Structures are given as C-alpha cells and as structure tokens.
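Peer 1: Sequence:
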Amino acid sequence: MLSKLSEARDFLLSHCPDFPKIVVVMGSGMGSVLSGIAVEKEILFKDIPHVPPVSVEGHTGKIRVGMLGKHRVAVCQGRLHFYEGLSLSTVVLPFRAMAMAGAETFILTNAAGGIHPDWPPSSLMLIRDHLCLMGSNPLIGPNLAELGPRFPDMTEVYSEPLRSIFRSAAKRLAIPLYEGVYVAIHGPSYETPAEIRMYRLLGGDAVGMSTAPEAIALRHMGKRVVGISCITNLAAGVGSGTLNHSEVLDSAEQAHGRLNALLTEVIGRMGELHG
Numbered sequence: 201m202l203s204k205l206s207e208a209r210d211f212l213l214s215h216c217p218d219f220p221k222i223v224v225v226m227g228s229g230m231g232s233v234l235s236g237i238a239v240e241k242e243i244l245f246k247d248i249p250h251v252p253p254v255s256v257e258g259h260t261g262k263i264r265v266g267m268l269g270k271h272r273v274a275v276c277q278g279r280l281h282f283y284e285g286l287s288l289s290t291v292v293l294p295f296r297a298m299a300m301a302g303a304e305t306f307i308l309t310n311a312a313g314g315i316h317p318d319w320p321p322s323s324l325m326l327i328r329d330h331l332c333l334m335g336s337n338p339l340i341g342p343n344l345a346e347l348g349p350r351f352p353d354m355t356e357v358y359s360e361p362l363r364s365i366f367r368s369a370a371k372r373l374a375i376p377l378y379e380g381v382y383v384a385i386h387g388p389s390y391e392t393p394a395e396i397r398m399y400r401l402l403g404g405d406a407v408g409m410s411t412a413p414e415a416i417a418l419r420h421m422g423k424r425v426v427g428i429s430c431i432t433n434l435a436a437g438v439g440s441g442t443l444n445h446s447e448v449l450d451s452a453e454q455a456h457g458r459l460n461a462l463l464t465e466v467i468g469r470m471g472e473l474h475g
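For the sequence shown, the positions run 201 to 475 when my numbering is used.
Honestly, the hints are just simulated from the structure, not real lab data.
The reader is advised that the hints may include incorrect statements.
[To be verified] Derived DEER-like restraints, expressed as beta-carbon distance ranges:
hint : residue 1 : residue 2 : range
1    : Arg-372   : Ala-345   : 40 to 48 Å
2    : Ala-394   : Ser-206   : 39 to 47 Å
3    : Ser-389   : Glu-360   : 30 to 38 Å
4    : Thr-392   : Ser-203   : 40 to 48 Å
5    : Ser-232   : His-386   : 36 to 44 Å
6    : Pro-349   : Asn-460   : 34 to 42 Å
7    : Pro-349   : Leu-373   : 15 to 23 Å
[Claimed, not checked] Simulated pairs of lysine to any residue, SDA-like, Cα-Cα distance not exceeding 25 Å:
hint : residue 1 : residue 2
8    : Lys-371   : Pro-342
9    : Lys-204   : Gly-422
10   : Lys-241   : Asn-460
11   : Lys-371   : Glu-465
12   : Lys-221   : Ser-364
13   : Lys-262   : Pro-217
14   : Lys-204   : Ser-232
15   : Lys-221   : Ser-232
16   : Lys-371   : Arg-469
17   : Lys-241   : His-215
18   : Lys-221   : Ile-243
19   : Lys-246   : Arg-272
20   : Lys-270   : Pro-352
21   : Lys-221   : Pro-249
22   : Lys-204   : His-215
23   : Lys-262   : Phe-211
24   : Lys-270   : Pro-349
25   : Lys-262   : Lys-371
26   : Lys-241   : Ser-255
27   : Lys-221   : Leu-402
28   : Lys-221   : Tyr-390
29   : Lys-270   : Gly-302
30   : Lys-221   : Thr-464
31   : Lys-221   : Ile-365
32   : Lys-204   : Leu-286
33   : Lys-246   : Met-421
34   : Lys-221   : Ser-235
35   : Lys-262   : Glu-240
36   : Lys-221   : Gly-266
37   : Lys-262   : Arg-400
38   : Lys-270   : Cys-216
39   : Lys-204   : Pro-352
40   : Lys-262   : Ser-289
The structure presented is a predicted model; accordingly, all values stated were derived computationally and were not measured.
No residue lacks a Cβ here, since even glycine has one placed at the ideal position from N, Cα and C.
Start from the sequences, fold in the hints, and give me the full structure.
Peer 2: Here's what the structure looks like:
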C-alpha cells in the first residue's frame, strides 16, 4: 500500500509541485461550491494511480487547485464511497496521497440525513464527533508506520481550534450552524426508522455514508480535520414520505450560498495557520 500511496503522491506533485496546504472535500450535490476559485490546475481522480473513477451521481471526481482570496486550496469535487464496492483503504487513498504531497488541513463536507425533527433540510451541522458504524476501518491491515502509529488516538478527530473558527465565522455571517455527532454507515440503502431510533439513542445527530473513513486515516497521519454536514433531508421515520437521492441533491443545492460564504470566510482565517 505504501508504494501505491507514493505513486499517487508523486503523480499529484508532478502536476502540482506546490500542493496546497488546505483541502476541501465536497459532498453530494456540492460540486459547484467554491467554484469561484481561480483555477490553476484540474486533476481527475481516475487519472491518479490506483484511484478508481467516481461512480456516484453528484460527485464529479475532480480536484481543482487554485487561489481563493489570498490562499491556495485544493477543492475535491466528490469522493469515493465504501458502498461502491471498494475497500476503505482505497476510499481514503487519494486523501492520504494529498496529505503526503503536503496538505495539512482537511475540511470534509457531506450530505446527511437529519435525526432531529427540528433541524430543517439544507441546514448546516458542524461535526463534533462521529460514530463509525461501517463495520470496517481504513487502517485494517499492516500498519504503515511511516504514516502513523498502529493504534492512533481518536479523542479529538475533529479539531476544536478549527471548529472554533467555523463557529465564529458563522456568527459573523449570521449563518445558523448546528453542532453534533455524525453517524457513518455502510450504505447504499437508506436507514430504516428503527435504525434511526437506535442512532438517536446512541447520541447521533445526522447520518451519512462517508467522511469518517477519511477523518480516521488523516488523523492517523496527524493531519488537522474538520467536518461539516449539510442536512439534506429528515432521516427515515423522522419526516414523512420516502427518501431518494434526487431530494438529497436538490436540498444540497439550496444550501450552496450559505456553505460557500461560510467556507470562503473560514478558509480566509485558516490560511493564516499556514502563512
């Protein structure tokens, strides 16, 4: 695996020798957020060695590198998912490669189902912690000691200093921002009402099919991670009606303006961490 990661890293550096310190990963239906960056380079996921093409609607599978204000960023329009039939080590491979190429801070966004009936669709939730219920872990297998320890601490997966930046930015912009626990499940089927009741009892606030694997792998490498969910729908049994992916994409679209403003403000402040 280390040789695969090294090849992927080398590919990224061959196309972008000064890889940005800040990476933003956009969730389902959020590909056009931060579309205003001054693009220097575009890299397709499928062109990176050992990275398969992204197959999910709402994920273009592209990395756009460029300037956002005074700071260079890499914006990933989409990601890979466990339910595509991939191993979790493959799902996190492009993000590990970006970290090896020099990225230090990762903003992970996602579309999620809301477990609270009073959190309306298209609202934003800052991830305080997660419950990874995928039945696997991206670190399974021989430990890559060059990247991190065998048993990495996960006491604070989502950086409190970075969450503080999000809170203050949201307050300044008058953008409502909830905060809670993200439940990561395998998918691709949506959850049953009984499962949602269980997640609520476990302390979950939103549920989705991504983010936790990347967060675990990046924390293993000692990178800074922060996450934000767009509550695209009320989860099964919380709201009325059935669930479908088009609803997720439509709701994510409605949150674009607020999420774009929030991320732009946050990245302006985070950039100071990297000079």
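Peer 1: With reference to the structure, classify each hint as holding or not holding.
Peer 2: Here is what the structure says about each hint:
Checked against the hint of 40 to 48 Å, the C-beta distance between Arg-372 and Ala-345 comes to roughly 42 Å, which is consistent with it. At roughly 45 Å, the beta carbons of Ala-394 and Ser-206 sit within the given window of 39 to 47 Å. Taking 30 to 38 Å as the suggested C-beta distance range, the pair Ser-389 and Glu-360 conforms, at roughly 34 Å. Take Thr-392 and Ser-203: their Cβ atoms lie about 42 Å apart, and the range 40 to 48 Å holds.
Between Ser-232 and His-386, the C-beta spacing of about 28 Å breaks the proposed range 36 to 44 Å. Checked against the hint of 34 to 42 Å, the C-beta distance between Pro-349 and Asn-460 comes to roughly 37 Å, which is consistent with it. Here the CB-CB span from Pro-349 to Leu-373 is close to 38 Å, at odds with the stated 15 to 23 Å. Between Lys-371 and Pro-342 the CA atoms are separated by roughly 44 Å; this puts the pair beyond 25 Å, and the hint is violated.
For the hint linking Lys-204 to Gly-422, the alpha-carbon distance of about 20 Å falls within 25 Å, and the restraint holds. As the CA atoms of Lys-241 and Asn-460 are separated by approximately 20 Å, the hinted pair is consistent with the 25 Å bound. Proposed proximity of Lys-371 and Glu-465 is supported: the alpha carbons are some 11 Å apart, at most 25 Å. Proximity of Lys-221 to Ser-364 is assessed by CA-CA distance (about 19 Å); at most 25 Å being required, the pair is judged to hold.
For a cut-off of 25 Å, the pair hint linking Lys-262 to Pro-217 stands: about 18 Å separates their Cα positions. Straight-line distance between C-alpha atoms of Lys-204 and Ser-232 comes to about 30 Å, which puts the hinted pair past the 25 Å bound. Restraint check: the Cα-Cα separation between Lys-221 and Ser-232 comes to about 21 Å, which is no more than 25 Å; the hinted pair holds. With a C-alpha separation of about 14 Å, the suggested pair Lys-371 and Arg-469 falls inside the 25 Å cut-off, and the hint holds.
In summary, the hint linking Lys-241 to His-215 is supported, as the alpha carbons are separated by about 8 Å, within the 25 Å threshold. As the CA atoms of Lys-221 and Ile-243 are separated by approximately 16 Å, the hinted pair is consistent with the 25 Å bound. Of the pairs offered as hints, the one joining Lys-246 and Arg-272 holds, with about 23 Å between alpha carbons and a cut-off of 25 Å not exceeded. Between the alpha carbons of Lys-270 and Pro-352 the distance comes to roughly 34 Å, so the proposed pair goes past 25 Å and is violated.
Distance restraint check for Lys-221 and Pro-249: the Cα-Cα separation of roughly 21 Å lies within the 25 Å cut-off, and the hinted pair is therefore satisfied. Between the alpha carbons of Lys-204 and His-215 the distance comes to roughly 17 Å, so the proposed pair stays at or under 25 Å and holds. As the CA atoms of Lys-262 and Phe-211 are separated by approximately 14 Å, the hinted pair is consistent with the 25 Å bound. A C-alpha spacing of about 35 Å is found between Lys-270 and Pro-349, which places the hinted pair above 25 Å, so the restraint is violated.
Only pairs whose Cα atoms come within 25 Å are accepted, and Lys-262 paired with Lys-371 is rejected, the gap being roughly 31 Å. Pair hint Lys-241 plus Ser-255 holds up; C-alpha atoms about 22 Å apart against a cutoff of 25 Å. Restraint check: the Cα-Cα separation between Lys-221 and Leu-402 comes to about 35 Å, which exceeds 25 Å; the hinted pair is violated. Between Lys-221 and Tyr-390 the alpha-carbon distance is near 35 Å, which puts this suggested pair outside the 25 Å criterion.
Proximity of Lys-270 to Gly-302 is assessed by CA-CA distance (about 18 Å); at most 25 Å being required, the pair is judged to hold. With a CA separation close to 15 Å, the supplied pair Lys-221 and Thr-464 stays within the 25 Å bound. At most 25 Å may separate the alpha-carbon atoms for a hinted pair to count; Lys-221 and Ile-365 meet this at roughly 17 Å. A threshold of 25 Å between alpha carbons decides the hint, and for Lys-204 with Leu-286 the separation of about 15 Å falls inside it, so the pair holds.
A threshold of 25 Å between alpha carbons decides the hint, and for Lys-246 with Met-421 the separation of about 24 Å falls inside it, so the pair holds. Straight-line distance between C-alpha atoms of Lys-221 and Ser-235 comes to about 18 Å, which keeps the hinted pair within the 25 Å bound. Straight-line distance between C-alpha atoms of Lys-262 and Glu-240 comes to about 13 Å, which keeps the hinted pair within the 25 Å bound. The straight-line distance between the Cα atoms of Lys-221 and Gly-266 is roughly 12 Å, inside the 25 Å bound, and the hint therefore holds.
This hinted pair does not check out: Lys-262 and Arg-400 have alpha carbons roughly 34 Å apart, beyond 25 Å. At most 25 Å may separate the alpha-carbon atoms for a hinted pair to count; Lys-270 and Cys-216 meet this at roughly 18 Å. For a cut-off of 25 Å, the pair hint linking Lys-204 to Pro-352 stands: about 22 Å separates their Cα positions. Between Lys-262 and Ser-289 the CA atoms are separated by roughly 19 Å; this keeps the pair inside 25 Å, and the hint holds.
Checked against the numbered hints given earlier, the structure breaks hints 5, 7, 8, 14, 20, 24, 25, 27, 28, 37 and satisfies all the rest.
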